[in-house]
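Q: Spelled out from the first residue to the last, the chains are:
2 protein chains.
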Amino acid sequence: MKKLLFVYLLLIGLFVIYIYNYQMESSTKRAWNENELVGNMDETYVMVTFLVGIDYWKRALKGFEDAAESLNVSVEYRGSTQYDVHEEMTVLEQVIAKNPAGIAISTMDPEALNPVIDKAVEAGIPVVMFDADAPESKAYSFLGTDNYKAGVEAAHKMADLVNKSGEVGVITLPHQLNHQERTKGFQDTISKEYPEMKVVSINDGRGDQVISKEEAEAMIAANPNLVGIFVTEANGGVGVGQAIVSNNLKDSIKIISFDTDKGTLDMIKDDVISATIAQGTWEMGYWSLQFLFHLQHGIYDQDRKNAPLPRNVDTGVTIVTKENVDSYYPQ
Amino acid sequence: MKKLLFVYLLLIGLFVIYIYNYQMESSTKRAWNENELVGNMDETYVMVTFLVGIDYWKRALKGFEDAAESLNVSVEYRGSTQYDVHEEMTVLEQVIAKNPAGIAISTMDPEALNPVIDKAVEAGIPVVMFDADAPESKAYSFLGTDNYKAGVEAAHKMADLVNKSGEVGVITLPHQLNHQERTKGFQDTISKEYPEMKVVSINDGRGDQVISKEEAEAMIAANPNLVGIFVTEANGGVGVGQAIVSNNLKDSIKIISFDTDKGTLDMIKDDVISATIAQGTWEMGYWSLQFLFHLQHGIYDQDRKNAPLPRNVDTGVTIVTKENVDSYYPQ
Numbered sequence: 014m015k016k017l018l019f020v021y022l023l024l025i026g027l028f029v030i031y032i033y034n035y036q037m038e039s040s041t042k043r044a045w046n047e048n049e050l051v052g053n054m055d056e057t058y059v060m061v062t063f064l065v066g067i068d069y070w071k072r073a074l075k076g077f078e079d080a081a082e083s084l085n086v087s088v089e090y091r092g093s094t095q096y097d098v099h100e101e102m103t104v105l106e107q108v109i110a111k112n113p114a115g116i117a118i119s120t121m122d123p124e125a126l127n128p129v130i131d132k133a134v135e136a137g138i139p140v141v142m143f144d145a146d147a148p149e150s151k152a153y154s155f156l157g158t159d160n161y162k163a164g165v166e167a168a169h170k171m172a173d174l175v176n177k178s179g180e181v182g183v184i185t186l187p188h189q190l191n192h193q194e195r196t197k198g199f200q201d202t203i204s205k206e207y208p209e210m211k212v213v214s215i216n217d218g219r220g221d222q223v224i225s226k227e228e229a230e231a232m233i234a235a236n237p238n239l240v241g242i243f244v245t246e247a248n249g250g251v252g253v254g255q256a257i258v259s260n261n262l263k264d265s266i267k268i269i270s271f272d273t274d275k276g277t278l279d280m281i282k283d284d285v286i287s288a289t290i291a292q293g294t295w296e297m298g299y300w301s302l303q304f305l306f307h308l309q310h311g312i313y314d315q316d317r318k319n320a321p322l323p324r325n326v327d328t329g330v331t332i333v334t335k336e337n338v339d340s341y342y343p344q
Numbered sequence: 014m015k016k017l018l019f020v021y022l023l024l025i026g027l028f029v030i031y032i033y034n035y036q037m038e039s040s041t042k043r044a045w046n047e048n049e050l051v052g053n054m055d056e057t058y059v060m061v062t063f064l065v066g067i068d069y070w071k072r073a074l075k076g077f078e079d080a081a082e083s084l085n086v087s088v089e090y091r092g093s094t095q096y097d098v099h100e101e102m103t104v105l106e107q108v109i110a111k112n113p114a115g116i117a118i119s120t121m122d123p124e125a126l127n128p129v130i131d132k133a134v135e136a137g138i139p140v141v142m143f144d145a146d147a148p149e150s151k152a153y154s155f156l157g158t159d160n161y162k163a164g165v166e167a168a169h170k171m172a173d174l175v176n177k178s179g180e181v182g183v184i185t186l187p188h189q190l191n192h193q194e195r196t197k198g199f200q201d202t203i204s205k206e207y208p209e210m211k212v213v214s215i216n217d218g219r220g221d222q223v224i225s226k227e228e229a230e231a232m233i234a235a236n237p238n239l240v241g242i243f244v245t246e247a248n249g250g251v252g253v254g255q256a257i258v259s260n261n262l263k264d265s266i267k268i269i270s271f272d273t274d275k276g277t278l279d280m281i282k283d284d285v286i287s288a289t290i291a292q293g294t295w296e297m298g299y300w301s302l303q304f305l306f307h308l309q310h311g312i313y314d315q316d317r318k319n320a321p322l323p324r325n326v327d328t329g330v331t332i333v334t335k336e337n338v339d340s341y342y343p344q
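Which chain is which? The protein sequence lines are Z and G, in order.
Okay, so the first sequence: first residue is 14 according to my numbering, each after it adds one.
Okay, so the second sequence: first residue is 14 according to my numbering, each after it adds one.
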């Protein structure tokens with residue numbers, strides 16, 4: 014009997030320890046959820062873009078997913094398949110109808126989506142813009158490249174490539190704001206900081222490979238001393254690369270392009286394009302989700318309810334050359 | 014004996030469940046620490062400013078502390094007691110010597126601290142700048158007010174206060190970059206968007222209450238139709254407020270000031286100053302610590318090791334009026 018009593022006591026003791034431990038664990042967890050940056054897997058944050066699935070968005074989505082993993086929340090990716098603002102609007106309407114925990118949007122039109130964006134914000138859904146802003150909308154924040162500064166970086170790299178001396182040109186989209194800014198940052202920096210360099214020509218490549226090739230050839234014919242061309246978008250960069258190759262000018266004219274499409278990266282490997290400007294797309298996605306999470310969880314200066322987030326984030330650029338090109342191929 | 018055997022089996026079963034649970038818990042916790050945004054209390058992040066302890070830094074420090082609580086890390090606040098760049102440099106050297114987990118610095122000189130900042134970065138210490146940048150240093154990021162945009166906001170508010178019509182003036186520090194930017198944002202917006210308004214005078218208040226009062230009186234005498242004055246810093250704002258009161262012009266001239274010092278807030282309560290521009294100091298502190306934590310823990314796009322963070326964050330402004338002034342007094 015005594016033995017049995019001992020076993021019973023031991024048994025009861027164990028139960029008490031077990032239950033005590035169990036409660037400790039759950040109270041720790043509860044405190045944790047209140048103070049720490051930990052969400053819930055049924056909180057779903059949605060990324061919305063146009064031209065869904067193209068390579069350009071992959072790194073942004075990766076950043077968005079990486080942040081979701083850190084914060085223990087879920088993500089979805091939606092968007093228009095075409096370059097069609099009405100389709101993007103319809104997709105956004107469908108996303109809003111599901112009342113998600115937050116939406117990060119890149120818009121193909123700086124104004125057309127405003128009524129839908131504002132509707133989401135008014136319904137209490139956190140919204141931030143990334144890569145391409147809708148500045149007059151009620152979205153809380155914009156995370157993207159400061160295009161003027163990207164042009165400044167391109168100018169410094171060009172100066173480096175041509176030993177700070179000689180005539181250079183730009184092939185761009187002169188009617189689009191982001192390309193105007195890239196061109197202006199480039200021009201201003203060359204004229205202010207490199208007295209031995211001169212921007213002699215700015216041509217319209219229309220974002221087209223064939224037209225950009227023709228414009229590059231015309232520019233070279235008109236400026237026989239040209240030592241470099243800055244191309245502000247990727248299709249044009251490949252076109253200019255082709256012009257340089259077919260005219261056998263690989264050694265005398267340096268090209269700096271924009272973004273990290275496969276065609277551009279291949280031409281960097283082949284020494285046709287010397288460098289390209291990579292945007293911080295992972296950063297756009299990662300910090301977009303962080304911002305949406307902070308809005309959803311009310312983690313901000315409570316005095317500034319009308320402006321709870323930093324208004325503008327310049328996600329920065331990096332320069333890709335033959336040395337680091339391998340890590341920019343999609344994995 | 015059978016009973017005893019049953020008890021023993023139960024006992025063994027319980028032990029197995031207990032140990033199984035224990036291991037589950039600890040393996041969950043280990044996975045947690047790898048993936049989630051949770052630091053260690055012996056990770057110490059340091060905020061360094063000049064004029065340590067003045068009201069202006071309090072909200073920034075609060076943001077820094079709030080982020081530290083969320084991320085489960087420690088913070089310290091250090092700085093020079095005087096407006097003395099050599100003292101700030103000495104303090105920064107002392108902070109670096111302790112090898113902290115990260116440093117957020119606001120510098121009183123955009124260049125003087127660069128060698129010390131660069132030394133910290135080269136020693137592997139994460140560094141970000143906030144409020145006042147050292148743009149040529151190796152710090153990874155800057156978080157602060159876009160002063161041009163703050164001037165734009167001030168212009169819209171002024172237009173609102175004077176019914177989009179009339180002559181306005183600016184009292185500023187014409188030789189300091191941040192004040193030049195505030196003035197330019199204000200001027201550009203008035204001239205582009207408000208055809209019935211005109212900036213008729215820009216005077217130097219030297220950041221001094223008495224001089225700003227005198228300059229306001231001179232401006233009013235020279236421009237009898239003046240309906241508003243934008244003052245780009247807080248001492249001047251109080252001086253201009255005194256000028257308005259002593260000349261009995263409270264009803265005819267609207268003042269917009271900058272920052273949220275007690276003197277400014279009191280004048281808003283008394284209807285002397287109509288509005289003031291509050292900077293996102295909490296945001297600067299909060300996101301500085303988040304950024305430092307991400308650097309320390311290697312949470313960034315591994316392809317962009319040379320630019321792991323957004324380069325520039327505009328923490329934004331809010332407009333303080335009589336309606337929301339109470340929440341801006343230090344608590």
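Rather than coming from a laboratory, the hints here were simulated on the basis of the structure.
A couple of the hints might just be wrong.
A pair counts as met if it fits within one copy or between any two copies, since identical chains are not told apart.
Mimicking DSBU-like on lysine-lysine, the simulated pairs with C-alpha atoms at most 35 Å apart in a straight line are [stated by the list, open to error]:
hint, residue 1, residue 2
1, Lys162, Lys15
2, Lys71, Lys16
3, Lys132, Lys170
4, Lys162, Lys71
5, Lys177, Lys16
6, Lys282, Lys151
7, Lys263, Lys318
8, Lys211, Lys318
Q: So which of the earlier hints does this model not fit?
A: 1, 2 and 5
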